[in-house]
Every structure is written in structure tokens, then in C-alpha cells.
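J.: Residues per chain, in single letters:
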Amino acid sequence: MNRKKDKGFESPRPFKLTHQVVCINNINFQRKSVIGFVELTIFPTVVNLNRIKLNSKQCRIYRVRVNELEAPFIYNDPTLEVCHHESKQRNLNYFSSAYTAAVSAVDPDAGHGELVIKVPSELWKQGDDLKVLKVYIEFSLDQPKGGLHFVVPDVEGSMAERGAHVFSFGYQNSTRFWFPCVDSYSELCTWKLEFTVDASMVAVSCGDLVETIYTHDMRKKTFHYVLPIPTAAPNISLAVGPFEILVDPYMHEVTHFCLPQLLPLLKHSMSYLHEIFEFYEEILTCRYPYACFKTVFVDEAYVQVSSYASMSIFSTNLLHSAMIIDQTPLTRRCLAQALAQQFFGCFISRMSWADEWVLKGISGYIYGLYLKKTFGVNEYRHWIKEELDKIVEYELKMGGVLLHPTFSGGKEKDNPTPHLHFSIKHPHTLSWEYYKMFQCKAHLVMRLIENRISMEFMLQVFNKLLSLASTASSQKYQSHMWSQMLLSTHAFLKSISNVSGKDIGPLIKQWVDQSAVVKFFGSFAFNRKRNVLELEIRQDYTSSGTQKYVGPIKVTVQELDGSFNHTLQIEENSLKHDIPCHSKSRRNKKKKIPLMNGEEVDMDLSAMDADSPLLWIRIDPDMSILRKVEFEQADFMWQYQLRYERDVVAQEESISALEKFPTAASRLALTDILEQEQCFYKVRMQACFCLAKIANAMVSTWQGPPAMKSLFTRMFCCKSCPNIVKTNHFLSFQSYFLQKTMPVAMALLRDVQNLCPKDVLNFILDLIKYNDNRKNKFSDNYYRAELIEALTNSLTPAISITNEVRTVDNLNADVRLILEEITRFLNMEKLLPSFRNTITVSCLSAIRQLQKNGHIPSDASLFKSYAKYGHFVDVRVAALEALVDYTRVERSSVDLQWLLEMAQNDPAHYVRHKILGMLCKNPPFTKTTDPAPPFTKTTDSALCNEALVDQLWKLMNSGTSHDWRLRCDAVNLYYALFGLTRPSCLPLPELGLVLNLKEKKAVLNPTIKPELGVGPVMDTPASIGIHGVDPISLGVCGVGQPPLSLKRKAETPLGSPPEPGQILQQQEDDARGGRFKIRLKRRIGFNTMEDEDIDMETVHDSQAFIHHHLNLLERPSTPGKEPPSVEQSMLSMPATPVPSFPKETTPLSSKHGGEHGHHHHHHHHEHKKKKKKHKHKHKHKHKHESKDKEKDRERDNSQAYSNSPASGRSLRSPSLSD
Amino acid sequence: IPLGVILGSLSGGKAATSPAENYHLARRRTLQVVVSALLTECGFDSAEKAAVETLTEMMQSYITEIGRCAKAYCEHTARSIPTLSDAVVTLIEMGFKADTLPLYAKRSQRMVITAPPVTNPPVTPKALSAGQKRTHPAHIPCHFPEFPDPHTYIKTPTFREPVSDYQVVREKAASQRRDVERALTRFMAKTGETESLFKDDITAFPLIAAQPSTIPYLSALLPSELELQTLEETDSSEQDDQTDGENGIQHISQNDDPGADKENAMLPLSAVVPAAKASEDNVIDNPYLRPVKKPKVRRKK
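These protein sequence lines are chains A and B, in that order.
Under the numbering used here, read the first sequence as residues 1 to 1218, first letter to last.
Under the numbering used here, read the second sequence as residues 1219 to 1519, first letter to last.
Wrong hints could be hidden among the right ones.
Said to hold, decoys possible - Counterexamples of contact, computed for chain A against chain B with all Cβ distances above 12 Å:
id : residue
1  : S321
2  : F526
3  : S720
As the list claims (entries may be wrong) - Rough simulated footprint, nothing fancy, chain A against chain B, three-plus residues with beta-carbon under 8 Å:
id : segment
4  : 1271 to 1284
5  : 1403 to 1412
6  : 1420 to 1428
7  : 1431 to 1442
8  : 1503 to 1513
Said to hold, decoys possible - Just a few of them, taken from the derived set where beta-carbon distance is under 8 Å, the chain B residues facing chain A:
id : residue
9  : K1344
10 : E1399
11 : L1415
12 : F1416
13 : K1417
14 : E1445
If you're looking for bench data, these hints aren't it; they were derived computationally from the structure.
The beta carbon of each residue, even a glycine, is placed where N, CA and C say it ideally should be.
Use the sequences and the hints to build the structure in full.
T.: Pasting the structure below:
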């Protein structure tokens, strides 16, 4: 994980994978199942390779053979259920650490895996010549919940006619969900991929399509792909469907695929892809690394863009016709992103998770260069500012984002990000939002590096990396060379220093090795006597998400005589800098004022301070620090900056600053900008909103018509009849965007009664009425949607008579007009749907606003009907957003349940993700602020109850095991609702006094106040494990009660949701035991409790698991199963650290119990820690009760699971005959 | 009928109802008398009525034709009233020896027929004159016919002139569209399932119920037919044209039933490989466009 000082890549595995065959010979759309096999060619790198660990999730494995010999295997996935049901632990710290541990336990980057194959002894006994092993695995997938997504519309006709398709998806390395592999970005191999599909379908996958052959019955055909470039399994993908095929007219090796009927849209949307290709190839001076490229557009996509080796899967919703303006740049951006990732991310892969930032950074950076070239410098700078603002806001709110986490020595003790409620050790434990911010920061840092070493060098570095990789990729039989295709932070930095000769160490240290951003406060005074600008720049580096910056900072001062750059050194917290001014304050001469870009302009200088030559000052104008600057300067300076500074970032900054200066001069400056056609349209759009705010602040002194009205009239209405808008043509896109935005901003105006002025409302209604798009070659759907949004913005709360039911009769006259428009729009949309149903989306949010403001009765049923599966995804999301809001405002537990239900069961992954995300953003209730005194915590919402806690816990614990992203969403939601600690709505543990062994004192705090920020992740739950348990969980996993757990085990029919094909074997346990033993030794005397508690949990986790599998083991048919005697022989082998569960209940348990009894803390506590007597007693008191409860719960669980398809499958263990 | 009856009936006959009719009848009767006289001259005593009628008709045609031709000759020479020479030329033209005419006129046995009773030629009833007739403009000689009544050439609009004021047009278009939309959506709402925003009055703002669709992205992404028309007009599809044809064809052969492909399947072994080599040419060599191969026959061991 560290930035290794040695260059080479050290594989965590005792073997090297060189080639993998994936053959899927049956895809059944009706049953949503897949059957196939894989064959991995591996070279052992150690003598006596006895075990091979691979990744595999949810696959049912029929047989494993190594070099034609049947091989026994274990299938064990601890992430299925993170904490087991016995545990009544409900705090997030505990969960996070358990989850991290579970993910680590199968982490391919550490050489682990869910599937452990025992190499038949005949093979490893052969001696020390390192022979090729061929591992052949037959598997199937039945109704996969992750990894592969089937879209099967429920209509008449064959699967092809119905547009049924299937595609692979996943967050980070998720290929293990659909075939067994080494699911690591750093294990490269060549591939042979074969997919047999219905003759009417096309299978698109990575690499070159070598041939397509009919099966003997001519009803199916097999697509043979060969990928000769070494590629990591996570970069392998598949899409099968009745796709329409479009060969790119400019580049015949590029093929596009879309669903039936969408070919015209595909043609249009792909017509500029070649330009992106040309751009990247030119700047990187490197050919596109793969021989071909495929784009596939699918429905219900997991993310908009996902890149795999030589192909990208996009959401079909990116396709658009030539009539659509707004979608065009968005789609182009997505294509550019996808293509950038082809070079960095797919072709060049990361060495470890800690190096992810380099790849995301480079691909994001070159994508930015594309933006700059295609959309212009203004757009680029605007984008950079937007991204910078985003990351700054996120880090200040949530704490820092760390690009290059180092985990020294693999100890969880050193958690680099204690402020987060999840671990950043694995991509799969990250919150999605964090990951997005991570990518954002990565490319911004790349830009900082560029600032430092120049773009030329930057591109040379990229070129060098690519050339190295392509040289390595052509070494067909020298797989040790392939590690050149992996990029590490170290290699990247080394390359930079080689190419540029510059030391960027401090920069890396500041932004990559450390999290957080810089927060500056600036102010200044002008010393007239000395003619010096006294600038003060302070920093806040104490609040969360901030860090201290030391180093150069650029300050640009615009004076009367010109613009001057100064580089200051920031050395202390608060520092005054004296900057000599070049000009005297002489304003009498009518002289043009030179700007930074060499332009000379006339300015009306009457607003200036007569004594000062300063027009405006900018701190860090180039955004070469990841910072937030709050700078104080006079309003006229901001106004000058807005009018005359040519940089869009400066203009945008001044607009936001002017919000605080509601004066006539600000108004004039903003209006002038609005009218100025040379000005960047996004600046003008922003000015609209600022103007609305200023107008509202000046409401009592405002002169003339409502803000922007006359402006809009002048720009967009007929000369002869100013109340009628011109018929649409949208020829100038800048004007189009302004025309869309102005009404929305105008609707925010309020009069003295705090109502939207009648004038404005009528004006907007007229815009809607006179809107005429018949002669336009562009669609006006986005414009109309914005007009509806304008109507929404004009709404103000109804004058409410208490408890009055909203009826048609008492509807406000204005609202009636609005409602009529909305009704008509929404109804028309059914007959003439607009692109992406933008109008429905706007209408739904308008209706929600009407409800929220008390104009119409609050009701969720409309939104529910629009949220159902079968509506266009944007509509669903809009309806769900309204529902989430409704749930919060009305505190409706029924609707919260409905939402959670959908988050669990909806067929579309994106929608499920979205629901949880929206619930996080707009939670039905919030945790009471910060862990104040624990007993004062109250949550007044009736929604916050034990059942909800249990439900959410279950969701993140086991309900989302098939989708990393969704699980992290659930964790986020849990965090948003309950915080890190035990939810306050749960009954308090009866125990008042608890011993904190760590601090060696008794604490009066049963409701867990974890040592926030002090204890590393693994530490916190440990202590919570002791004092943070309620009576029931005390009975279960509290201090020592092995007899109980043993007994219960015997009764437990089923504990965890079984994974199809899972076969239990026991040597895993031993290995785990061994590891803990070692760990314990290492740490003993230092923090005994910690290890014990962790172990305690794993013990319990394992119990149910083992019990379940003991049942399974009785079934004789599975080939992977080995008689226990063999297991024993395996046990004695030197165990590589395999994470797994200690077993307790097998016949061997007594023996092993002795072996690692000391990590069975139960015994430990019972016998040694007499201090805990009170607890012990307590436990006995509750023993019966808790036992019964446990049993009940288990019964419930077992029923639940036996009803689930997963368990049904695993019980029907597959037979071997094929 | 005895011809004498006819000859004597010249002045008699029943009185016709109208003067115009009277006039025509009188002419006709005169012709009949002439025919009867000629017949008598030739020695007939009586003739069938039909024969008399036929001969009368022939006579009338002959005379009419002479008149028409004479008129034509006269107009040909830019006159308005026929002269003797016109009549003579006409007769000659019709194959009649004009010089025999005086002799024939002076023959002895001819019968003298009394002049037909004077009947005024019918006066065409004066059309109702409406408005003032226009006088000729200066450049038209006064001998030219007068203008007809103004109503025959002045258009009289039967509809109101459309309003061309921009504001009104926009206003009308807007409210018309709004009315149509509202009516349509209300109709749809009334005939189908609805959702309502109010509990007390579910008809107040009826919303057409949201119906989930099986393939929701199609309607959301594809432009409606209405929009599509505009698109086709504006879309410059130069680039598409090159590849479309080929793609289309290839695509069909790919996706269709295997039976149709069997013929193709015979080709690839020989044809596709060289095609791949010649990929530098403009032929698109894309693996997805290649025909599907037939399975190799496996030998059972």
C-alpha cells in the first residue's frame, strides 16, 4: 500500500496469472441465468503452491479442476453478512470496522479471495519445477443481483423483439460478481472470451472479435473475442442484446451499439467521437492502445459511463437527436471521459488502491484538456472553479479527502481519516460521494502539478508512461514485464522528476499525502503615505477539513496603471504583506487603463476611493492552491472586477461577493454584464440570480420595473408588442441559455409582502402562453421545463388558517393559474412526451412545492405512481425526490417504508442508489448534533424507532451485499440518521456502570461515546464492544458466555444468507485463528481488549455461518467438498493469512478450542476478568430471555432466508453431471 | 296533310304565349309555307307532316349556314354588316351556282307567298343594371363595346378580411393552441384513468394517470413524429449516406434468420479472408459486419 521505494511490483499472490478463458455458453433471459466456465493459466511463483485464492461472488460453482484433476475448494464470502444476527450492536463504528475487516479478508490486492482452491496434492508434490497450472472452474449465475444486470421488458415477442439485454456493471473491481477471477487491477493477463448467445443477439465484449460461429442447430451463435493486451479482470465487461450496429463512419475500427429503434439517435450522438479520439491521440502522441473500440448504450445503466478494456458501456439516455441542445455537451463530455479512461484506467491500470488517484487524476486531467479545447477556456476555467468549489465545500463539511492513503504496516491502528464514518482502505467501503470528490480532487491536483512543471512536461510524462506500457503489453510471453502497465504513485512521481527535473515533493505532500484544503481570509488596507498595499492573509487550519498552507501564493492587483502579479510567501498563520503600488492616485487624466490581458479600456472611475489607485485585488487567481478564499474588498472594487476583469472566475467571484452589497451600483454592474453579449453565458446566468437577490434586498428602494423584465423584453420579445415573446429559434445558444435562466431568476423576486410580484407572474404566464416552437429546428422542452420551474419559484407559502383542509374553492387565484398550466403541461406530456420527459420532471417538483407551501393538499400518491418501475428514470427520480421530501415534512413512516422497500427491491440499481442518496441529503430526521452528553440525545421524530434501526441495519449488513455502492449508501444513510454511535432511540442498556479496561476505570456511559478522532477505526468498536451493548447483545457477545453460544449453535438452523455454491471447509478457520494468535502476541499487554473484542465478533459471525454450512456439508453431491480428514491434513500446512472464521462446533472444535482458546474472549473474560462480575451476573439474569429471543429471531431469519432464492438454490446443491 | 292547308295557314295558327315565342313560331310557319309552296310547285298535293318538317329543317339549316358564312366573310374583311358580295361568295363556296339564281327567281310557275305577319323581334329583357357602367378609358376607341355591368367584373368578397396584426395573430394562435390542448387533455382525462390533486373535487384539475410503459426510454428519447419532420428537414445527413447503405445491407444479413444466411455462410471461408486483407480499400472491414460462420463439423471419436 505504501509508495514503495523499490520500483518493481510485488504480487501479493504466490502465483502469476497469465491467461484466462471466460466462456459463457448459455444466457437465459427468461430465467436471468448464465452458465459458463473459466480457465485460468497460472504460474506458481513458489514451490509447493498448495492453495489458490480467487475472487468469486454469488456464482454457484459446480466443479473446480486443476490440470484435469478435481480439486476441492471453499467458498466463503464474509461480506455477505457483515455482522451476524446474534449481535445487537447497532453502532456504525462497529459496523464500519467489521465491514472493513470483511472486505480486507477477501481483498485480492492482499492476495485474498472468497474462493480457495486446494491444489491436488499430486500436483504440488511433483516437486519444485514451477509448472503451469490450469484452473478450470464451472459456474453458473441465477438471477444475479450484482455484476450482471438483465433488462427484460415485459412485452410480447421474442427476447430480441422485446429489446431484452444484459450487461456487466459494478463499482470498482466487481468482476467477481459474474465470473471467478483474480479481481484485482494489478493482476494482468491476456484473455479469450467466448459468449454463446441467441442468433438474434450480439455479444459485445473486450478485445477483438475474431469470429462469430453458429452453433450446430443454427439457433445460436458464439462470439469469440481475443484480448492480447494484458488486462486486469475488473476491466473485462460484457453486453449482450439485440443491438443495432453502427460502424463509425470516420474510424472503421470503432463500432457503436444501441438498442433497437435508437439507431438515428446513435448516428447523431456518435458523429463527433472521432474528434475526441484525434484530440487524445494528438496530445498524448500515442495511438489508442487497443485495436478496436466499442461503445454500447444500455438501459438501466449503473452509471452513465463505465470504461473497460476497449469498450465502454453508457446509459442509453445519453443518446439524443440533433434537436436537443442541452444534452449535446453532456453526452460529449461523457464520451470524452470514457475515452480518457481507456488510456488511463483500462490500458494502464493501477498498482494498488492507494494509486487510484494517479489514474483518476490523469484521466480527469486530459479530459479537462479536451474540455478546454472543445468548449473553450472560459468553460474550462468555469469548470475548474466549479470542481474546486465542490471539493472545498465537501472537505470543509465532511472532513478531508485523502488521495494517497498509507496504512503503515497494514495496522488498522493508523487510520488516516478518523473523521469519516467509513474506511478508505478499500474502494468498496467508500461512500460514493467521497469517491466522486476523490476523483475531483485527483484531477485538480494533476492540474496543480501541471502548473508546477508545465503542460509540455506533463504530456511527456503521460507519453512516457504509455510507451512503457505499450512496450510491456507487446511482450507476449514475458508476463513479468506486464507490471510496467501498472502505475503507482511512486512510478508516476519518478517519471515526473525524470522528465521535468523538478521536485514536486512538497506539492505531493501537501495535496496527496495529506487530506483537507486551505481556507484563506484576506483583507487589505492602502497606505497612502507609503503608497503601499498592506495585505493581510489569514488561514483557518483548525476546523475540520482544513490544513495549513505554507508556500507561495500569487496575488494580482489591478491598479490604475495596469495589472500586476505578486508572489507572496505564506509562512505563518496571519501575515501582513506589503505590496508596493505602481500608480499614484491620479484620476484626473483621462487615460485608458491597461488590463491583465493587454487590453486597454475606459473606465468610469468616479466610484473609486479618491486616495487609492487600487481597482481590485485577487488572491490566487490561477487556482493553484486547493483553497477557499474569503476576501474583503469594497463593493465598488467588486463591481470593477465584474465589469472589467476578463477572467470568468474573477467575474463569478465578484458576482457572489456582490450579493452582500445590494446597492444601485451593484444592480447596474450586474445589468450591464447581463446585457453584454461578449460575456461568458454562464457568468450572465449567474448574474441573473444575483440580481434577483439584490432586488429582493432592495425591495423598498427599487425603482422601475421588476429586475430583468425590461431586459428580457428587449432581448427576447417582439419589438412591436413587448408583452409577446418572439417565436423560438434558439440559433444563438448563449441567448438560449439566458432566455431559459432569466424567468427562473425573475420568479425569485419578492415584493414588500414577500410575494412574487404580480407583474412577474403574469409575465411568466405570458411566456408560457405565447411560447411558439413551430418554426424552430431545436426542441424547446428544456425551455418549457425551465418556465415551469419559474412558476415553481414564484410560489410562496399560502396564508394558512390552522388545520384547514386545502380545497379547490379556497385556492388562491394566482395559484389556480399556475396549477392550470401545470396540469395542462403534465397532461400534454402523456400525449406528446418531451425529450427525457423534462416537463414531467419539472411538473412533479412544482406539484410538490404547491403541496409544501400549503396550496394544495399534501399527498404522496401521485408521486408514488410516477416513481414506479416503468417510468423514465428521470421521472422516477423526480418523483422519488418529492417523496423523500414528503416523508421528511409529513414524517410519514408509511412512505419511508415504501421508499426503503423500493431501495431494496427495485430492478434498477441506479434508482436504488438514488433513493438512499436522496434520503441522505434530505433525511426524514437528523441525528441530534454531535455527540453531546449522551443522555441528552433525543430525537423527536416518531420515525426514529427501533424497528427502523433494525431495518436499516439489516439493509447495510446483509441486504446490500451484492452492490458495494448501495451498501455504502446504506451506511451513509444510517450515519445521517443515527450518527456514529448507538442510535438514541434504542433502549438504554440496563447497565449503568461499565468498566473501561482500556482506561482502567469505570465509566458511567452505557450509550457509547466512542473516542472520536482518537481511536482508530478498529479501536473504537472494540471499546464499544464492551460498554456499548444493550442487555440482549450483552447476553450474546458481551463478556464471556461460551456455553450459551455453543448451545445456541446447536440449535441454529441457519444463520447467514447462504451463498450458492458455498462449501464450508475448516482450514480457513485455522488460518484465521493463527493470524489472530499472532496478532495477539504482538499486541498483548498493550491493548488486549481490542483484539479480543474483534475476535469476539468474528467468532460470532462465524458461528451461524458454520452452522449453516454444517448442514450443507451433509449433502454429499458437491465435488468441492472434501472429507474432514483431508481438511485436517490441510490444517497442518503453513497457513498464509487467510481471513476466515474460527470454528467452534465441528468435531474438531475441542482441539482447536484449545489451540486458540485465548482469542475466545468469552472464556477469557469469564475466567480471568473477575472485575466484570457484575456484567456476568447480569448476563445470567438475562440468559434465558435472551436465548429465547435469539431463537425467535433465528427462526424468523431462517424462514426469511429459506424463502429467498439464494437459500433455495444453495439447498438444491447442484449435481455434477453435465 | 294537304299542302294547301299549310299554305293557307300562314297567318293563322294558335297564338303563342309570349311575344318571343310568337316570333319564332311565325318564322317557322313561313318556312313551312315556303316548303309547301315548293312542293306544290313540284306537283305534290299533299305530304306527310314528317316530310314537311324534315324539309323545313333542311331549309332552315341551309339558310342559317348561308347567313353564318356570309357573316364570317364580312367579319373577315373587317366589316360588321354582310353585303351582297358576301352572300354571293358564300353561295359559291357552298357549291351553288349563283348566276342561276336570277333566272330561278323569275320563273313563271312560282307561287307568291304572302308576307308573314309582322311580328316584332323579341326584345331581350333588359338586365338589371347595377351601378354605374364604366366609361371607356381614353386609350380605347369609343366604338368598342361598352363595359358590362360592374357586378360582372367587380369581386365582392364574401368573407371578412383576415387580421394581419402581429399581436392579434400571436394572441389567437396562442389561445387556440391552449384551447385545443386543454380540450384534448380534458377529453383524455375524462375518458381514461385520472389522478387528482384535490380530495374534495376530483374533477377540478384532472391529471391523466401515469401509466408505466414497458420500454420507457423509447418515448422519452425518440423525437415525436411531429418533431421528426422538422428534424428531417434540417438534418444534414451527408456523412450518414456513405455508410448507411452498406451497413443496412450487412446488418440485415447479420440479424436475419439463419436460413437466409446459409448462402452467405458458404462464402466466408473463401471470400471474407481476402476481404480482410483488402481492408485498406474503402470497404469497411468491421468484424461485426462479417457474416456469421457455419460451425465446423466435429468428428466424433
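J.: Let me make sure I understand: some of the numbered hints might not hold for this structure. Which ones are they, in numerical order?
T.: 1, 3, 4, 9
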